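Listed in order, the protein sequences are those of chains X and G. The first sequence: position 54 = 62 (this note's numbering), numbered continuously. The second sequence: position 45 = 124 (this note's numbering), numbered continuously.
If you're looking for bench data, these hints aren't it; they were derived computationally from the structure. You may find that some hints are simply not true.
Claimed, not checked - Rough simulated footprint, nothing fancy, chain X against chain G, three-plus residues with beta-carbon under 8 Å:
(1) 129-142
(2) 150-160
Unchecked claim - Mimicking DSS-like on lysine-lysine, the simulated pairs with C-alpha atoms at most 27 Å apart in a straight line are:
(3) K273/X <-> K95/X
(4) K176/G <-> K249/G
(5) K176/G <-> K95/X
(6) K80/X <-> K176/G
(7) K80/X <-> K273/X
Quick caveat, the model's predicted, so the values are computed rather than measured. Virtual Cβ for every residue (Gly too), placed ideally from N, Cα, C.
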Amino acid sequence: MSPGSFEERRGAEWVELDRLLSSVEARRPEPGVEDLPRRFREACADLALARHRMYSGHVIERLNALVIRGYKLLYRSRRAGWEMLVKFLAVGFPRAVRAEWRLFWLCSAMFWVPFGAMMASAWLDIDWIRATLGPEGMQSMESMYGGDQKQQISHLRERFGSNFMMFGHYIQNNVGIDFQIFAGGIVACLGTIFFLVFNGIYIGAAAGYVHYACNPESFWTFVAGHSSYELLGMVVAGMAGMRLGLGVLNPGRFPRGRAIAEAAKRSLPLICGAGLMTAFAAVVEGFWSARDFPAEVKYAVGIAGWVLHLVYFLAMGRGAGAA
Amino acid sequence: MEEVAGRIDTLQAIELAEGVEVRLRIAGPLLRGMALGIDVAIQLAGLMVAGFVLGLAGIAMGSLVTAGMMSLVWFFTWWWYPVFFEAGRWGATPGKKMLGLRVVQTSGAPVTFGQSMLRNFLRFADGLPCFGGLIVGIPTMGFGLATCLATRRFQRLGDLAAGTVVIYDKLQPEPSVPAPPPMASARPAAALRPEEVRAVTAFRERAGLWSEDRRAEIADHAHELTGATGQPGVSRMMAIAHWLQEKR
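Same shape as in the complex, but just chain X:
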């Protein structure tokens, strides 16, 4: 068969495929669209044939373009629905965290060891805390958690809308930090380690300073409610970042590029879950933590949060039926 007669014989089919593809691309499928997969595969066969017989460039290019367009349409991934989100929260996420339990302890240590050290320096050597917070930091801590009732955070939030403003701010800031912790992991884990240790030092210094110079109860009643979501969310984001970074550092038997892609696949549920946890923390922090309730109630809610997380991560999504 000569190139010319090949085009003549098959040309009408290609025009028809082109028409169907255009109609689907424009979201107005025309009659005959159910034939699209078959016509697509025929065009694939034509392309393979044309290439094997080395027909002229323009025939091959025309078919190549048709096949790419068809592939793009037929292999479009289906949109994830609510069902998938529920399944992810009930099964996928706790499983992903359990599977990386070593990283959980590593990231927890990277946060809590500096945190504890800075807390301890409130009693041992306050200069460490002073150096970390700086004058502005100390001043803002005093303005939020100072001894006087008027300076307490519940008082500062009395203006209409301030809760919503802080909610928006926490979403933007804290979830953004989670994403940065994750992204920093690809630079051989360095970014993740930096952010976790930095947050441990800074939050520890803030907590220590409150004990040194402010009213600890106003601080702890404020943070109790959202502490579990936010701190665990940050640790899980750290796990995602470390997983990614370990793909770079320790590719195992894969080539490095492939190892990074595999590690990213494993870290994806972790960072999604971490983002959701931190977003929920922002809701709690915005609308609950600053409300004026007795300290016992606030501590109880905080402890309940930690217990719920423990149960969630240890018990959810176990058993063969869950998947």
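With the hints as your guide, set chain G onto chain X.
Showing chain G alone in chain X's frame:
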């Protein structure tokens, strides 16, 4: 996937599940940088419009509520704008769409939502080191550019992690300007593979477009086939192309 040592163009041959090979042209850092510039401009413009509208709404709703909304708008514009556009029908942010680019998996299939999240969240790491501070300040995209240039398919870190590439959405037909017909025709010394036959005939079909020096430069890459460099190599290459096309 076809791996030919020492390919000098950016065409990627990708084999589909249907057993056929398609060719995707990978986009380089310059065009992608321009697309990023357009996107950032759109994001900033969107934020300014949102700031203006929310500023007006603040008179009615209370300025603190709108300040909270502004934070949310900022968050979604910054982190999610590229994710939603790339995972959507376009497969490209508006900036890429304007320049005719599209994001696909390395297999050529459209990207999934998860991949889009990965590649766009990692843009933070690609943006390092930042101007005016290591991690805070204006991103220079230094890491992204470096990995783009170091990888065969112009992938930045986010692309490597997500397994994606940025391609030209529509392949421009290669301009065909044949050089004057060659005088001689010569049999290649060894049997050529289809890929090589295609390259040699493409050389002839497009040679009219290039200067003498450029022809020699390109033909030098095939000196093992022609056994000569410079002008003799070009003539020899044309002769082989002639033989392949006419005399077989």
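Index of numbered hints that the structure contradicts, given in increasing order: When the structure is compared with the hints, only number 5 turns out to be violated.
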